[in-house]
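Asker: One-letter residues, chain by chain:
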Amino acid sequence: MTVNVLMPALSPTMEQGKLAKWLKSEGDAVKAGDVIAEIETDKATMEVEAVDEGVLARILVPGGTENVAVNTPIAVIAEEGESVADTADHAPIKRVGEEDKSQKQAEAVPPAPGQTAPQDQPGDANRAQTKAAVEAATPAPKATSVAEQPSKSVAPEVPEGTTMVSMTMREALRDAMAEEMRRDPAVFVIGEEVAEYQGAYKVTQGLLQEFGAKRVVDTPITEYGFAGVGVGAAFAGLRPIVEFMTFNFSMQAIDHIVNSAAKTLYMSGGQINCPIVFRGPNGAAARVAAQHSQDYTAWYAQVPGLIVIAPSNASDAKGLLKAAIRNDNPVVFLENEILYGKTSEVPALEDFVLPIGKARIARPGKDVTLVSFSIGMTYALRAADELAREGIEAEVIDLRTLRPMDMATVIDSVKKTGRCVAIEEGWPQCGVSAEIAMRVQLEAFDYLDAPVLRVTGKDTPMPYAANLEKLALPSVAEVVAAAKAVMYR
Amino acid sequence: MVEESGGVTTGAPTIPAFTRDQELTAFRDMLLIRRFEEKAGQLYGMGVIGGFCHLYIGQEAVVIGVKMAARDGDQFTTSYRDHGHMLASGMEPKRVMAELAGKRGGYSKGKGGSMHMFSRTANFYGGHGIVGAPAPIGAGVAFANAYRGDGRVSLTFFGEGASNQGQVYEAFNMAALWKLPVVFIVENNRYAMGTEISRASAQIDLSKRGAAFAIPGKQIDGMDVRIVKAAADEAIEWCRNGNGPYLIEAQTYRYRGHSMSDPAKYRSKEEVQKMRADHDPIEQVRMRLIADGVSEDELKKIDANARKIVSDAADFAMADKEPDPAELWTDVLA
Ligand SMILES: Cc1ncc(C[n+]2csc(CCOP(=O)(O)OP(=O)(O)O)c2C)c(N)n1
Ligand SMILES: [Mg+2]
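Which chain is which? The protein sequence lines are A and D, in order. Residue numbering for the first sequence follows this note's numbering, beginning at 1 and increasing consecutively. Residue numbering for the second sequence follows this note's numbering, beginning at 490 and increasing consecutively.
These are computed hints drawn from the structure, not numbers from a lab.
Partial chain D-side listing against chain A, Cβ under 10 Å, derived:
id, residue
1, G650
2, K758
3, P814
The C-beta atom is built at its ideal place from N, Cα and C for all residues, glycine as well.
Please put together the full structure from these sequences, using the hints given.
Answerer: Written out as structure tokens, the structure is:
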């Protein structure tokens with residue numbers, strides 16, 4: 001019997017990677033556990049181990065091949081005693097590289113695990129008015145790209161004729177920190193795996209090399225402690241950037257964020273301010289289950305004394321993180337793991353700083369206002385595309401800052417459209433969209449032609465199973481259905 | 490590996506011998522974990538398992554040594570590197586594998602995944618994704634034992650990285666103050682993700698970490714299942730006799746990456762290779778069994794049996810269905 005060795009996935013979001021090199025050659029004997037090859041993605045390197053004893057009969061994908069799709073057979077292992085020649089036509093797969101380059105491994109991409117048929121969801125009281133939002137044919141929202149946003153939408157904040165460069169949100173965040181660290185020696189980065197490991201999600205890549213261990217500080221796994229250390233250092237005049245590996249772990253530190261960072265200016269009668277940024281990925285990633293998939297936007301957005309920012313694209317991420325670092329208040333800066341690798345246009349300006357507390361009209365429209373932020377924007381923008389095909393022009397607003405919240409931009413839009421849907425991945429009760437609905441009814445009641453609706457994460461912990469996880473998150477179809485519902489269509 | 494050192498108490502300097510039966514039990518149980526984890530790694534690569542998946546390969550002697558010292562009814566609590574602890578608790582491999590695959594036949598109906606499994610019948614209290622969380626939770630399980638006076642001992646595992654968490658010391662203090670029957674087992678595999686212990690801990694003799702609370706501590710070679718069993722015997726007896734908590738630092742090693750994606754740049758390949766070659770917990774037992782006259786064939790049979798259990802588990806997990814969509818809404822409140 002022969003066994004195909006398949007291109008493994010290194011992470012839940014990996015679709016392809018580079019087969020860096022083979023450590024064994026055809027004909028070599030291998031034992032379970034032997035490292036036979038190395039693969040790489042932009043995030044990590046992994047060793048491929050043999051899972052059974054045998055002989056490496058054929059290498060199907062040569063070392064150095066880029067963009068090998070997950071689950072592509074990369075080699076054949078034959079059982080002991082079986083001759084290598086026996087396997088020559090075992091696998092009906094041609095050696096990659098021997099064939100037309102343009103074909104690549106595209107055909108070999110399997111359906112993503114767990115992408116199963118849509119199901120109706122019971123019990124979601126929120127969606128009572130949106131009827132059955134069936135996800136038919138809706139691609140997984142996670143695969144969507146914010147790069148689709150028209151780049152002209154950032155134009156008013158960027159001088160005419162500025163060159164734009166494409167970069168990932170990960171790179172934009174890194175550049176923002178590096179630029180601010182060059183500008184101000186009081187700025188330093190502290191957190192788990194930020195220095196030698198280059199960041200658990202590689203956001204701090206290269207910072208240790210440029211700024212040294214004094215300014216890029218690895219900590220023990222002690223969130224409560226190092227958040228408090230950051231606050232103390234900020235009281236004493238430094239400008240810490242505290243990275244949480246993910247915001248899930250900020251729950252251990254929330255006492256210092258709320259009690260120490262947010263309240264001290266007030267409690268000291270204006271004497272002691274706290275110029276600190278707490279940043280890291282927030283919200284659901286992929287398949288990491290309840291304790292690692294929580295959205296804290298509403299939690300922090302409730303606290304007076306904090307500024308809360310959650311960008312949806314690389315340009316906003318860069319301009320707003322620079323603003324956050326310069327700000328004299330504690331800032332909670334909520335990133336998103338799914339968005340880290342997404343590319344968009346960033347102005348190539350020497351010092352690109354955006355105003356905190358200003359929403360952005362990501363797509364103008366006249367029929368219905370869709371309000372969101374962070375990864376919620378991917379649902380909103382795709383829904384707007386779909387609505388446009390049906391002749392509905394949605395205006396899509398990216399809040400960008402959650403506290404203070406730029407309601408003026410939202411209200412102006414609702415006065416024009418008379419209809420509003422708020423979208424977020426967080427839980428419904430006391431959520432960001434609940435706040436938006438409240439303020440819209442207060443400030444634009446006479447302009448509304450329908451109740452404000454919201455599309456949120458479901459009111460449950462995040463399940464692990466692929467089908468349930470998909471149901472737990474908002475979907476483009478739900479946004480489309482809600483938009484039509486407020487238009488009585 | 491350090492054999493024995495300046496913990497708070499001193500233990501027997503000689504390595505206690507196992508009977509042939511005990512060696513065979515240790516071999517079989519550790520091998521099952523090894524084969525299970527190899528399969529899990531393979532299924533992850535195929536996309537059957539998603540999210541985070543932390544393998545226990547290399548550390549098998551720790552949980553099996555403790556298990557061999559435990560009595561029925563003693564509870565296990567650990568963090569996310571938990572598959573070995575579940576198997577050691579007697580949980581069914583196929584239902585553990587089904588949970589890893591997010592299927593309805595899994596211990597959490599597919600809703601918990603690799604990091605979050607529980608079994609009241611097997612006295613397994615998780616399966617916790619937050620570093621450090623097992624320490625107070627395990628102390629709380631011990632609180633219930635003391636409250637009922639039922640003589641059970643809570644066996645609580647966490648990593649050396651986790652041992653820097655403040656909640657661990659809050660738990661130590663309460664456990665000592667109230668004489669709770671809990672054995673804290675620090676699985677010191679030297680790395681917390683990419684951080685080597687000496688880069689994160691001011692005191693790297695972790696057996697001393699309970700000294701301020703007068704918790705007896707012992708640092709042991711966690712790659713030798715006999716040494717783990719002997720230390721656990723002593724610790725469990727101490728707890729069962731009402732003396733309060735006990736701390737074991739088991740020095741061990743993980744062969745694989747922290748989770749499935751791991752840049753592996755923080756340690757050399759030679760270091761990993763050397764641990765595998767010279768200290769492998771299963772190989773140590775195998776060599777002793779062979780020296781004792783057990784035939785290669787008999788050991789191969791044990792291996793074949795472990796592989797069969799694991800491949801049946803994988804088949805079950807892959808054939809099983811995803812949870813019913815209605816399960817999204819169940820189990821939120823009791
Ligand atoms: C409070 C908290 N912070 C950070 C993390 C992310 N994280 C998961 S495992 C890990 C390393 C833990 O190392 P250790 O305790 O030594 O256990 P090991 O992984 O070696 O078994 C980290 C930092 C977490 N899960 N919980
Ligand atoms: Mg460790």
